[in-house]
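Asks: Listed in order, the protein sequences are those of chains A and C. Just add 124 to wherever you are in the first sequence, counting from 1, and you've got my numbering. Just add 1105 to wherever you are in the second sequence, counting from 1, and you've got my numbering.
To be clear, the hints were calculated from the coordinates, so they are not data collected in a lab. All C-beta atoms, glycine included, are put in the ideal place defined by N, C-alpha and C. Hints may contain errors.
Stated by the list, open to error - In the BS3-like style, the derived pairs of lysine-lysine whose C-alpha atoms are separated by at most 27 Å in a straight line are:
id, chain 1, residue 1, chain 2, residue 2
1, A, K126, C, K1447
2, A, K148, C, K1280
3, C, K1476, A, K180
4, C, K1476, A, K148
5, C, K1280, A, K156
6, A, K156, C, K1453
7, A, K156, C, K1476
8, C, K1514, A, K126
9, A, K148, C, K1447
10, C, K1469, C, K1280
What the hints assert, rightly or not - To give an idea of the chain A side of the interface with chain C (calculated C-beta under 10 Å), a few residues:
id, residue
11, M125
12, K126
13, G133
14, K148
15, A149
16, A167
17, L187
18, C238
To be verified - Computed Cβ-Cβ distance ranges for the label pairs, DEER-style:
id, chain 1, residue 1, chain 2, residue 2, range
19, C, H1366, A, A228, 20 to 30 Å
20, A, E199, C, S1508, 13 to 23 Å
21, C, L1484, A, E128, 37 to 47 Å
22, C, R1141, A, Q211, 18 to 28 Å
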Amino acid sequence: MKMEFEVRGMDFNRAGEAAAQIKKALQMVGMKIETIRKTVIVAYEAELNIVIHAHKGILSAVLLPDRVQITAADEGPGIADVSLALQEGYSTAPPHVREMGFGAGMGLPNIQRCSDKLDIESRPGYGTTVTAVIINRPGGE
Amino acid sequence: MQKYFHSVMLDTEKCKGCTNCIKYCPTEAIRVREGRAQIIEERCIDCGECIRICPNRAKLAVTDPLERLAEYKHTIALPAPSLYAQFGPRVKPGDILGALLDIGFDDYFEVAVGAEIISACLAKYLRDSDLPRPLISSACPAVVRLMQVRFPGLLEHIVLLDTPMEIAARLAREKAMQKLGLKDEEIGVFFITPCPAKVTAVKQPFGNRSYVDGAISMSIIYSDIKNALQSPSTIIRENRSPAAGVGWGKAGGENHAISEHWSLLAVDGIHSVINLLEEIERGGLSDIDYVEAQACTGGCIGGPLVPQNLFVSRVRMENLVKILHAEQEQLPPIKVDYDSCKLPGPIKPRPTLMLSEDINEAIKMLEQVEKITADLPGLDCGSCGSPSCRALAEDIVRGYGESSYCVFKLKEKLQILAREMVVLSQMKPPAMGRETLKDNQNKQ
Ligand code: SF4
Ligand code: SF4
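Isolated chain A (complex conformation):
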């Protein structure tokens, strides 16, 4: 089962809509609460990354009985140094975005904290694809 959402750059008003729909889908299939909790954060931060940094992108969610995979593929500037971007507080968001309260450099660290597997593929000048896997653990309530 796969869901796909188109995300537009700088469209802050709609940021969160895709994450909300993914959450509802997870509730409908009966994923564990812990899985849902983590996925919402991962999906939202990934969605927000596209909104802040890219021209446009696709957010997708693959639902399997034992895990959820969130992929955010964007057409953006790419990330020059992935390990730097994973550090808390490191941000390349423009000042006007920061003034809105977004882009505090917690996006990727939050995604990393809430996912079991994270893969970031980036080609500077072309775009970035972030793939995060959240395991649906039986004990997750």
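For chain A, the structure is supplied; the task is to place chain C with the ligands on it using the hints.
Replies: For chain C with the ligands alone, kept in the frame of chain A given last:
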């Protein structure tokens, strides 16, 4: 058997099947089928939004009648703080308490006192820094039920303290048992309620038991109180009416009662509450210590069962709180037993959105929902009796609807049928073939 008690019900006589309510329900719990609204009971949180929106007054709240007082040897009225804001500027809490005795209650216990106690407990609760932030108030039962259905991941944020109503009821009961030597079952405690959500909280409590025996609608008892206020037999009664506790009746009052060095947020109106909970769910607002969330716009003074206009009662309440605040000095300090105010256990989720118990099956069903949704017009017009095209798709997969419920789909089908009929009407059976031949010859 009915699994959940609900105060909010439908009057089938009055319902015209207009579909006004279906879009406003925060949990998508209403469908119109066979020309009547139906409430999906697992999903309903008794918020009363549908009562407000129904143009035919077909949604109602089931509350307890005053006649129930006769069932008990000793009856106690528990006025919600919002009741104090329903009358003119000269009517003080002491007058209202006097009126309640005049109506037939043997005693009263102010819920505002329960709120005063919980306010003190909250300060202690907030000091525990290990709890997830922000903590969320447990006072509005409609919000707690909303979270059980739509935000199960946030249930651990709920403050596990009992509501002011329950605290007041327990103390009132204990007092009656000690002072009058009455047995538990001889005492009838009745809450004067601003909303159906509280009625449900009494009949189906979050804790092990409710200390309240019944809930009487504020709008039903309103005229009795008004009459009693005019009667010479009604005298002003002793009242504590703590400013901080009375203020709980309106939005922001709860936060106001907690000491100010915390970072506090107040939100009211069910749809605003939903937006805020979504924000918390996405990992936001961890800098906030406590969220006061009330389902009704304006707080309890905006409840579905209050008689007075919200804007009028807001000013009444603000003025009253100011007066009470000035008198505050003379109040003796209240005794607070923190441990007895705690809820026995965590609030459990209500997974009512699940398509199937079996996750493999549920994923397959969700795929179908997506497919059907893509095929529907996406206008969310509500004519099908479901709140949105997606909701109809869900209903179809759950066996609770058909694609022909969609008027656009129906029209499409009719068009196909009409075209087929034209084709069919031009076809002629062989027995008629000859005549056609003759006709043709004649024409030539
Ligand atoms: S009371 Fe609230 S939750 Fe229940 S059916 Fe009405 S609007 Fe929906
Ligand atoms: S805000 Fe108050 S009146 Fe409204 S549902 Fe909640 S408890 Fe009831």
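Asks: Hint by hint, say whether it matches the structure.
Replies: Hints, one by one, checked against the model:
For the suggested pair K126(A) and K1447(C), the alpha carbons sit about 44 Å apart, so the restraint of at most 27 Å is broken. Between the alpha carbons of K148(A) and K1280(C) the distance comes to roughly 48 Å, so the proposed pair goes past 27 Å and is violated. The suggested pairing of K1476(C) with K180(A) holds, with an alpha-carbon distance near 25 Å, which does not exceed 27 Å. This hinted pair checks out: K1476(C) and K148(A) have alpha carbons roughly 16 Å apart, not beyond 27 Å.
At most 27 Å may separate the alpha-carbon atoms for a hinted pair to count; K1280(C) and K156(A) exceed this at roughly 45 Å. For the suggested pair K156(A) and K1453(C), the alpha carbons sit about 13 Å apart, so the restraint of at most 27 Å is met. Taking the CA atoms of K156(A) and K1476(C), the gap is near 24 Å; set against the 27 Å cutoff, the hint holds. Distance check on the hinted pair: K1514(C) and K126(A) sit about 26 Å apart at the alpha-carbon level, within 27 Å; holds.
Restraint check: the Cα-Cα separation between K148(A) and K1447(C) comes to about 32 Å, which exceeds 27 Å; the hinted pair is violated. The suggested pairing of K1469(C) with K1280(C) is violated, with an alpha-carbon distance near 58 Å, which exceeds 27 Å. Taking 10 Å as the C-beta contact cut-off toward chain C, the hint placing M125(A) at the interface holds, the least distance being around 5 Å. Interface restraint check: K126(A) against chain C, minimum CB-CB distance 9 Å, threshold 10 Å, status holds.
About 19 Å separates the beta-carbon of G133(A) from the nearest beta-carbon of chain C, more than 10 Å, and the hint is not met. Of the supplied interface hints, the one on K148(A) holds, with its beta-carbon coming within about 7 Å of a beta-carbon of chain C, less than 10 Å. The criterion of a C-beta within 10 Å of any C-beta in chain C is met by A149(A), whose closest approach is roughly 6 Å, and the hint holds. Interface restraint check for A167(A): the shortest CB-CB distance to chain C comes to about 9 Å, inside 10 Å, so the restraint holds.
The interface hint given for L187(A) is met, as the beta carbon of that residue sits about 6 Å from the closest beta carbon of chain C, less than 10 Å. With a cut of 10 Å, the hint placing C238(A) at the interface with chain C holds, because the nearest CB-to-CB distance is about 8 Å. Between H1366(C) and A228(A) the Cβ separation comes to about 25 Å, which falls inside the hinted range of 20 to 30 Å. For E199(A) and S1508(C), the hinted distance range of 13 to 23 Å is not satisfied, since their beta carbons lie about 37 Å from each other.
For the pair L1484(C) and E128(A), the beta carbons lie near 22 Å from each other, so the given range of 37 to 47 Å is not met. At roughly 59 Å, the beta carbons of R1141(C) and Q211(A) sit outside the given window of 18 to 28 Å.
Going through the hint list in order, the structure does not satisfy hints 1, 2, 5, 9, 10, 13, 20, 21, 22.
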